[in-house]
Amino acid sequence: AQTVTQSQPEMSVQEAETVTLSCTYDTSESDYYLFWYKQPPSRQMILVIRQEAYKQQNATENRFSVNFQKAAKSFSLKISDSQLGDAAMYFCAYRSARNAGNMLTFGGGTRLMVKP
Amino acid sequence: GAGVSQTPSNKVTEKGKYVELRCDPISGHTALYWYRQSLGQGPEFLIYFQGTGAADDSGLPNDRFFAVRPEGSVSTLKIQRTERGDSAVYLCASSLRAGFSSYEQYFGPGTRLTVT
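Line by line, the protein sequences give chains F and X. Per our numbering, the very first residue in the first sequence carries number 1; after that it's consecutive. Per our numbering, the very first residue in the second sequence carries number 117; after that it's consecutive.
Bound-form chain X, shown alone:
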């Protein structure tokens, strides 16, 4: 079946604007993760969902960042009042479920966000 998809592939926005990044997980995967990868660094955890609820949002850098997953499938990462420091690749991953399991996370191709 299809893998994890993310749209848009690239997004350029002006400082201060609002952006939404979308993630479509693998069908049937109940766990969904967002990571942020700054230039030259490894990905850093932002938030994960088990079903519709945000089970852990401890990685969100501040209250300008918010994510939803209203129907337990597609998720949207929302960034308000974007800053140049928000420029990064935003990666989404999904797995069959979270919990104390060994299920693999499958990653999407990411959205490259550039804030000018």
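With the rest of the complex left out, here is chain F:
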């Protein structure tokens, strides 16, 4: 079974600064997807960024980028130019590319606080 670990329960960043959230995972599979989701107080999970394991290039979406280290099974999220609206819970998630169900396995989350 796959596991996802987020070792930082809380992180804090000054507005306009850069912050990196950590995530490690354990799997015996070679083909999979990794995701970062944002969950604001409204509870709705919002996809921030995704990475296909077969791609060596790190994914980027505007101010959000990842550092994907497949051999180390590490998948960190970098948020540049942090904004007050970035404050939320962030979850790292894994999904097998070979499981018919495509269900997600989530980490325990990191609460990000943004200071004005």
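Just so you know, the hints here were simulated from the structure itself, not pulled from any lab data. Beta carbons: idealized from backbone N, C-alpha and C, even for Gly. Keep in mind that the hints are not guaranteed to be accurate.
Said to hold, decoys possible - Heads up, incomplete: computed chain F residues facing chain X, CB under 8 Å, no partners named: (1) Gln44; (2) Met45; (3) Ile49.
Claimed, not checked - The following label-pair restraints were derived from C-beta to C-beta distances: (4) Ser125(X) - Leu47(F): 18 to 26 Å; (5) Asp31(F) - Ser154(X): 46 to 54 Å; (6) Asn58(F) - Ser121(X): 31 to 39 Å; (7) Gln57(F) - Gly132(X): 52 to 60 Å; (8) Glu10(F) - Ser125(X): 23 to 31 Å; (9) Glu61(F) - Thr123(X): 38 to 46 Å; (10) Lys133(X) - Gln56(F): 48 to 56 Å; (11) Glu199(X) - Asn99(F): 28 to 36 Å.
Dock chain X against the given chain F, drawing on the hints supplied.
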């Protein structure tokens, strides 16, 4: 179009009672997932449907939990003889289809269940 909707938004029930939680997926999405998110944790997979059938219910914690999707659209998660440990946010997600695909899962706002 409309996103995934879930009703009720909040549900308070007494220990031992029966509850039903409803999920209305995005129109045309054939795959539907239920996850449970306990306080301070990441979501955990419960069950998923491809069409009308429960394709994988391996995440259901015990036989008090049951889910249906009779017409391949709306799904209902049913919990019998509720226990205080069932208190959590129940999240529903839908995607275009399951299978060996990379289709994104879109989440609803969840139902917060409190068992007193």
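Is the gap between the beta carbons of Glu61(F) and Thr123(X) within 38 to 46 Å? Distance hint for Glu61(F), Thr123(X) is violated at roughly 31 Å.
Should the hint that Ser125(X) and Leu47(F) are 18 to 26 Å apart at their CB atoms be regarded as holding? 22 Å, holds
Starting from the hint 48 to 56 Å, judge whether the C-beta atoms of Lys133(X) and Gln56(F) obey it. 53 Å, holds
Quick check on the hint: Met45(F) CB to chain X CB, less than 8 Å? 4 Å, holds
With a cut-off of 8 Å, does the beta carbon of Ile49(F) approach a beta carbon of chain X closely enough for the hint to hold? Because about 12 Å separates Ile49(F) from the closest Cβ in chain X, which is outside the 8 Å limit, the hint is violated.
Taking the Cβ atom of Glu10(F) and the Cβ atom of Ser125(X), is their distance within the range 23 to 31 Å? 27 Å, holds
Confirm or reject the claim that Gln57(F) and Gly132(X) have a C-beta distance inside 52 to 60 Å. Since Gln57(F) and Gly132(X) have Cβ atoms about 54 Å apart, the given range 52 to 60 Å holds.
Whether the CB-CB distance between Asn58(F) and Ser121(X) falls inside 31 to 39 Å: Check passed, 34 Å falls within 31 to 39 Å.
Under 8 Å, Cβ to Cβ, is where Gln44(F) needs to be relative to chain X, so tell me if that hint holds or is violated. Since chain X brings a Cβ to about 5 Å from Gln44(F), closer than 8 Å, the hint holds.
For the hint 46 to 54 Å, verify it against the beta carbon of Asp31(F) and that of Ser154(X). Roughly 30 Å apart at Cβ, these two residues miss the hinted range, so it is violated.
Are Glu199(X) and Asn99(F) spaced within 28 to 36 Å by their CB atoms? At roughly 30 Å between Cβ atoms, Asn99(F) and Glu199(X) fall inside 28 to 36 Å, so the hint holds.
Hint violations for this structure: numbers 3, 5 and 9, all remaining hints satisfied.
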